[in-house]
Amino acid sequence: MGRTLSEKVWDEHVVRSRAGEPDLLYIDLHLIHEVTSPQAFDGLRLAGRGVRRPDLTLATEDHNVPTIDWDKPIADPVSRTQVETLRRNAEEFGVRLHPLGDVEQGIVHIIGPQLGLSQPGMTIVCGDSHTSTHGAFGAIAFGIGTSEVEHVLATQTLMQAKPKTMAVTINGSLPAGVTAKDMVLTLIAHTGTGGGQGYIVEYRGQAIEELSMEGRMTVCNMSIEWGAKAGMIAPDQTTFDYIEGRPEAPKGADWDAAVAHWKTLVTDADAEFDEEIVLDASEMTPFVTWGTNPGQGVPLGSTVPRPEDFEDDQDRVAAEKALQYMALEAGTPMREVKVDTVFVGSCTNGRIEDLRLAAEIIQGYTVAADTRLLVVPGSVRVRLQAEAEGLDTIFKDAGAEWRGAGCSMCLGMNPDTLAPGERSASTSNRNFEGRQGKGGRTHLVSVPVAAATAVRGTLSSPADLAPVAVGSN
Amino acid sequence: MEKFSSHTGVGVPLRRSNVDTDQIIPAVYLKRVTRDGFEDGLFSAWRNDPGFVLNNEAYAQGSVLVAGPDFGTGSSREHAVWALQNYGFKAVISPRFADIFRGNSGKAGLLAAQVDEKVVQRLWDHLEENPGAVVTVDLESRTVRAGEGPDAIEDSFDIDDYTRWRLLEGLDDVGITLSHADDISSYEERRPSFKPATIHAS
Chain V
30 MGRTLSEKVW
40 DEHVVRSRAG
50 EPDLLYIDLH
60 LIHEVTSPQA
70 FDGLRLAGRG
80 VRRPDLTLAT
90 EDHNVPTIDW
100 DKPIADPVSR
110 TQVETLRRNA
120 EEFGVRLHPL
130 GDVEQGIVHI
140 IGPQLGLSQP
150 GMTIVCGDSH
160 TSTHGAFGAI
170 AFGIGTSEVE
180 HVLATQTLMQ
190 AKPKTMAVTI
200 NGSLPAGVTA
210 KDMVLTLIAH
220 TGTGGGQGYI
230 VEYRGQAIEE
240 LSMEGRMTVC
250 NMSIEWGAKA
260 GMIAPDQTTF
270 DYIEGRPEAP
280 KGADWDAAVA
290 HWKTLVTDAD
300 AEFDEEIVLD
310 ASEMTPFVTW
320 GTNPGQGVPL
330 GSTVPRPEDF
340 EDDQDRVAAE
350 KALQYMALEA
360 GTPMREVKVD
370 TVFVGSCTNG
380 RIEDLRLAAE
390 IIQGYTVAAD
400 TRLLVVPGSV
410 RVRLQAEAEG
420 LDTIFKDAGA
430 EWRGAGCSMC
440 LGMNPDTLAP
450 GERSASTSNR
460 NFEGRQGKGG
470 RTHLVSVPVA
480 AATAVRGTLS
490 SPADLAPVAV
500 GSN
Chain L
211 MEKFSSHTGV
221 GVPLRRSNVD
231 TDQIIPAVYL
241 KRVTRDGFED
251 GLFSAWRNDP
261 GFVLNNEAYA
271 QGSVLVAGPD
281 FGTGSSREHA
291 VWALQNYGFK
301 AVISPRFADI
311 FRGNSGKAGL
321 LAAQVDEKVV
331 QRLWDHLEEN
341 PGAVVTVDLE
351 SRTVRAGEGP
361 DAIEDSFDID
371 DYTRWRLLEG
381 LDDVGITLSH
391 ADDISSYEER
401 RPSFKPATIH
411 AS
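Heads up: the sequence lines are chains V and L, in that order. Residues 30 to 502 in the working numbering are what the first sequence lists, from first letter to last. Residues 211 to 412 in the working numbering are what the second sequence lists, from first letter to last.
Keep in mind the hints are simulated off the structure, nothing from the lab. There could be a bad hint or two in this list.
[To be verified] Between beta-carbon pairs, the in silico distance windows are:
(1) GLU430/V / SER215/L: 54 to 64 Å
(2) PRO260/L / GLY79/V: 20 to 30 Å
(3) GLU389/V / PRO260/L: 46 to 56 Å
Where is the CB? At the ideal position from N, CA and C, for every residue including glycine.
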């Protein structure tokens, strides 16, 4: 019987396999950041161990860094200590680091692909659950905890029980104005937050093939939001074209050998998945969340759901609690929900394509009074590219704040947070209670919905915007 | 890691599903560079609510948390496990755990015991009717027990064999893996040359 894409990549990385034990898997790339690594390096020091393969390890600073005054010392002493600890550890253990101020600094899941380090057929791990992003290249990529970070540092391997396999087949084409983000939010509402638990998922079908690498990364990024171990997409010409010529891409004969191998990384026609979900992209519309987990979402054209409409007891109680936290009334049209802050950025939607799309929509408009728009490039390279294209001017002219690179408002750890009771439309990935700051209320949205919402001040799509007068800019 | 065979302690009924990692410990508490002291951030958004279960004297010393399905979803932060341990929890019982949380628990020595949803319902009812009642999680026999007499609760829980063995023996993963260093070296010799590196010989 044939094998699936994930089984092929898995098999290529098995160092040791015994019945009754998890497989010992080799790790091709280990990404590191300041928040989940200090205790791992401490563990190495305590045991007198080193980093086995510094040359397969890359560190950056993203979660806990400010996006303004990033050229000055970090003001918060506790945050500064954490960042300085990473710098000391990188120095001591010989790990390549792109610190704040470096041209390659940025969100760890933006810089791996950008450098050409994320490639098909690899195993990629990081102490961050959105490592699933790199699965867009046909890699097995997943988040790990700090004990596992220490394990990878010391051994370049991980013990992993082989997950089951699932296909998510998305047929048809996305309608105009509907994005990869809407696609994955629709999927999560369909499966719930636990639907992917225990599976490595392969996204496939016409709508997936038609996505850019940026869009594929958005979909794979949110695999963890429905509980999947990892999400991946078979590499194709779109993938190869994205990688070719990047700084760490294979060159010359290595490139040819790599592409020849990457072309074999597809699910065989006679392979069987343990589970399959089939969706139709042509029926999808702009999708937004109303609740406090990413599965609590509805089409933008819909209304806040009524808890009593949920059949499952747990779902009903969860909906009641979510509506209370979100201060929403059942039956309210989503388009009438007023938003205080719009955040465009994160490892989900902080790439150059996202910023281009946001700028294209917002050009000629002004951010609504009482609404704040924060645009945060995912990396320094993305920021410089956007500035070279004049996107920063478009945002600033519209009244938006243009920031430096980092995780920013995605996680309420650095200075960019929501105030208690403040409501956001956010292109990030989690709407958990307090995720963007204690008491903050988050609606997850796509980039076009974020941009249109910033203009109108209520959840909106670009179709809701009044046409810009001819001759205005 | 300390060996874990069986634990009996005050059960804490947390009647919630989808308790995500940001609820267990918000990101703002993740700035420490140590493995301890995270108890102050545990369930921080709820700790100000007088009605929150851990603010009830009877449950405050709890060590066995009984939660709804999809416990630990979200972030990979092992700080969520440390925060529970730092507070005093030895075990969490839930009908379903997020993968990364369950993995982190196994590595750090917190027992994540997966039980049928009905068992959680019965434990919740029992613990709410008898505040301060104890729950036993026996890893040796993979059973969870609470109460006495005809209404006693006893049921099995799921945990994978390998994690159970490691917890029972108190073994350190890195040490086990390093005993296979030869396998790792011979794998490295077979790796294709086109695989990328972050550091290049100059």
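Contradicted hints - numbers only: Failing hint: just 2.
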